[in-house]
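There are 4 protein chains.
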Amino acid sequence: MTTSATILETHPRKIAEELRTILAQCLDACLDCAQTCTQCADACLSEPTVDTLAACITSNLNCADICTATAHINARQTAFDPEFAKPLLAVCATACRVCADECERHASHHQHCKTCADDCRRCEQACRDLITHLS
Amino acid sequence: MTTSATILETHPRKIAEELRTILAQCLDACLDCAQTCTQCADACLSEPTVDTLAACITSNLNCADICTATAHINARQTAFDPEFAKPLLAVCATACRVCADECERHASHHQHCKTCADDCRRCEQACRDLITHLS
Amino acid sequence: MTTSATILETHPRKIAEELRTILAQCLDACLDCAQTCTQCADACLSEPTVDTLAACITSNLNCADICTATAHINARQTAFDPEFAKPLLAVCATACRVCADECERHASHHQHCKTCADDCRRCEQACRDLITHLS
Amino acid sequence: MTTSATILETHPRKIAEELRTILAQCLDACLDCAQTCTQCADACLSEPTVDTLAACITSNLNCADICTATAHINARQTAFDPEFAKPLLAVCATACRVCADECERHASHHQHCKTCADDCRRCEQACRDLITHLS
Numbered sequence: 001m002t003t004s005a006t007i008l009e010t011h012p013r014k015i016a017e018e019l020r021t022i023l024a025q026c027l028d029a030c031l032d033c034a035q036t037c038t039q040c041a042d043a044c045l046s047e048p049t050v051d052t053l054a055a056c057i058t059s060n061l062n063c064a065d066i067c068t069a070t071a072h073i074n075a076r077q078t079a080f081d082p083e084f085a086k087p088l089l090a091v092c093a094t095a096c097r098v099c100a101d102e103c104e105r106h107a108s109h110h111q112h113c114k115t116c117a118d119d120c121r122r123c124e125q126a127c128r129d130l131i132t133h134l135s
Numbered sequence: 001m002t003t004s005a006t007i008l009e010t011h012p013r014k015i016a017e018e019l020r021t022i023l024a025q026c027l028d029a030c031l032d033c034a035q036t037c038t039q040c041a042d043a044c045l046s047e048p049t050v051d052t053l054a055a056c057i058t059s060n061l062n063c064a065d066i067c068t069a070t071a072h073i074n075a076r077q078t079a080f081d082p083e084f085a086k087p088l089l090a091v092c093a094t095a096c097r098v099c100a101d102e103c104e105r106h107a108s109h110h111q112h113c114k115t116c117a118d119d120c121r122r123c124e125q126a127c128r129d130l131i132t133h134l135s
Numbered sequence: 001m002t003t004s005a006t007i008l009e010t011h012p013r014k015i016a017e018e019l020r021t022i023l024a025q026c027l028d029a030c031l032d033c034a035q036t037c038t039q040c041a042d043a044c045l046s047e048p049t050v051d052t053l054a055a056c057i058t059s060n061l062n063c064a065d066i067c068t069a070t071a072h073i074n075a076r077q078t079a080f081d082p083e084f085a086k087p088l089l090a091v092c093a094t095a096c097r098v099c100a101d102e103c104e105r106h107a108s109h110h111q112h113c114k115t116c117a118d119d120c121r122r123c124e125q126a127c128r129d130l131i132t133h134l135s
Numbered sequence: 001m002t003t004s005a006t007i008l009e010t011h012p013r014k015i016a017e018e019l020r021t022i023l024a025q026c027l028d029a030c031l032d033c034a035q036t037c038t039q040c041a042d043a044c045l046s047e048p049t050v051d052t053l054a055a056c057i058t059s060n061l062n063c064a065d066i067c068t069a070t071a072h073i074n075a076r077q078t079a080f081d082p083e084f085a086k087p088l089l090a091v092c093a094t095a096c097r098v099c100a101d102e103c104e105r106h107a108s109h110h111q112h113c114k115t116c117a118d119d120c121r122r123c124e125q126a127c128r129d130l131i132t133h134l135s
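Chains as they are written, first to last, in this note's numbering: chain A, 1 to 135; chain B, 1 to 135; chain C, 1 to 135; chain D, 1 to 135.
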């Protein structure tokens, strides 16, 4: 069990067990993805072919920003509103898909882009699973 | 002219003048709103009646997170996609509306909530203006 | 091996193996701590005794902000400067210590404060280990 | 008077007028600098000579991260500790100086680097002014 799940379990607002599990998976996936994207952007900046990676770096930075915001906002259960959370999760899932598509174009040349694409796909799925659960 | 507008003017991608103006207004409004919400959350935490302000603090923190992400993502014009920007702006506008509504309930007692509600309304409008321009 | 370590291994700048290990531990600890603090702040806001937790919430929010910035900045190896990294890590370690001390005061009443204090101590140590390695 | 100053004036903790003025200048400078650095990084990514700008982009991203964290943390007056604020401000001032130095190398070719260097210098000074006031 991750720390995210542990804290959700001890939250004074009782959160249903199934939501807790799916929510913790989404929080963890968002945070992993944010950090991987931050690192992939930096690795791209160090590549000799950085001039071919500008779009990749930009989608990395965008994905990191929205994943971090999504994790923090969904972590806040004090005044949680599923009708706000769902479109936010949908935007996050789109950013993950855009970044995964872009990283995959470079995956055969750069292992960091391959790893990043995988993390983005996982985060996109985790966001979509939470949307389904909240609907 | 703000710094946001100055930098957009000197960006190697030529950005149409009308978009530049509306975009810079949105960036500036998002950043002002993010900081005001961060400060309002803190001022609420120092109020003797903080137990009545938990929802207000939460919507402040959420609004600050999404406004910061929205400003950074929209500032990135290297691989700008209006079809991604519009739903993100819509989510940001919703967060601003939620926070403004919540702050207004406390505006007669707390001047910082009044100021924050005003900034949130301004930011909501700036996001909606940019959505309209991109449509 | 975490994703942080995997990406560091595939970075075009060759990073010495021992630094990679200690750096990845620090990045992971900072990100865990940032998320735990974000969640602890929210759990505190939902407690009936929130009026006694204002300092705890504030140190949670500060610790989350500096841990996120520290993780992102140390992840950037393209122009890494140990002489900048060390005072940043020292500030982060201090924020973790302050937050752990404050959370521990509430640990017997609130399990989330206990979990958060543990994560802050772990992150403080990971920052100090990296400082030692860079010195 | 900026919004930062307005909110500080209405904060339930009475903040001395002179501190309010210097603090608001620092908050505003940090936020301007964070946004300018975010935009300069993006403009650099769109330059045909991006391969010569990797260090500049990295220092832009680092400066944006630490300026945002510094603004948010110093905005929190609920449990403000000058002994924590001072080393944080010193780290922020260093990041601003590093970024200004790097941007200045490209200022004759790129107007966005010139504008960014100016904002970083202003922010460095605002951080140092606040350190002096807190000492």
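Hints listed in this document are in silico derivations from the structure and should not be mistaken for laboratory results.
Only a predicted model underlies this, so the values are computations on that prediction, with no experimental measurement involved.
The reader is advised that the hints may include incorrect statements.
Treat identical chains as interchangeable: a pair holds within one or across any two.
Claimed, not checked - Below, in silico cross-link-like pairs of lysine to aspartate or glutamate (DMTMM-like), each with a Cα-Cα straight-line distance of 20 Å or less:
#: 1; residue 1: K14; residue 2: D81
#: 2; residue 1: K86; residue 2: D129
#: 3; residue 1: K86; residue 2: E104
#: 4; residue 1: K114; residue 2: D101
#: 5; residue 1: K86; residue 2: D51
#: 6; residue 1: K86; residue 2: D118
#: 7; residue 1: K86; residue 2: E18
#: 8; residue 1: K14; residue 2: D118
#: 9; residue 1: K114; residue 2: D81
#: 10; residue 1: K14; residue 2: D101
#: 11; residue 1: K114; residue 2: E18
#: 12; residue 1: K114; residue 2: E104
#: 13; residue 1: K114; residue 2: D129
#: 14; residue 1: K114; residue 2: E83
Results for each hint:
1. K14 to D81: Only inside one copy: K14 and D81 sit 15 Å apart there, 34 Å across copies, limit 20 Å.
2. K86 to D129: within (11 Å within a copy, 23 Å between copies)
3. K86 to E104: So K86 and E104 fail the 20 Å test inside a copy (27 Å) and across (25 Å) alike.
4. K114 to D101: within (10 Å within a copy, 34 Å between copies)
5. K86 to D51: For K86 and D51, neither the intra-copy (36 Å) nor the inter-copy (28 Å) Cα distance is at most 20 Å.
6. K86 to D118: The answer is neither: 23 Å in one copy and 26 Å across copies each exceed 20 Å.
7. K86 to E18: Intra 17 Å, inter 32 Å, cutoff 20 Å: intra-copy only.
8. K14 to D118: Result: close neither inside a copy nor across copies, 33 Å intra and 23 Å inter.
9. K114 to D81: This pair counts as neither: shortest intra-copy Cα distance 35 Å, inter-copy 23 Å.
10. K14 to D101: The answer is neither: 38 Å in one copy and 26 Å across copies each exceed 20 Å.
11. K114 to E18: So K114 and E18 fail the 20 Å test inside a copy (31 Å) and across (24 Å) alike.
12. K114 to E104: within (6 Å within a copy, 35 Å between copies)
13. K114 to D129: Neither, since 23 Å and 30 Å both go past 20 Å.
14. K114 to E83: Cα proximity of K114 and E83: none, with 34 Å in one copy and 25 Å across.
Of the numbered hints stated above, those contradicted by the structure are hints 3, 5, 6, 8, 9, 10, 11, 13, 14, listed in ascending order.
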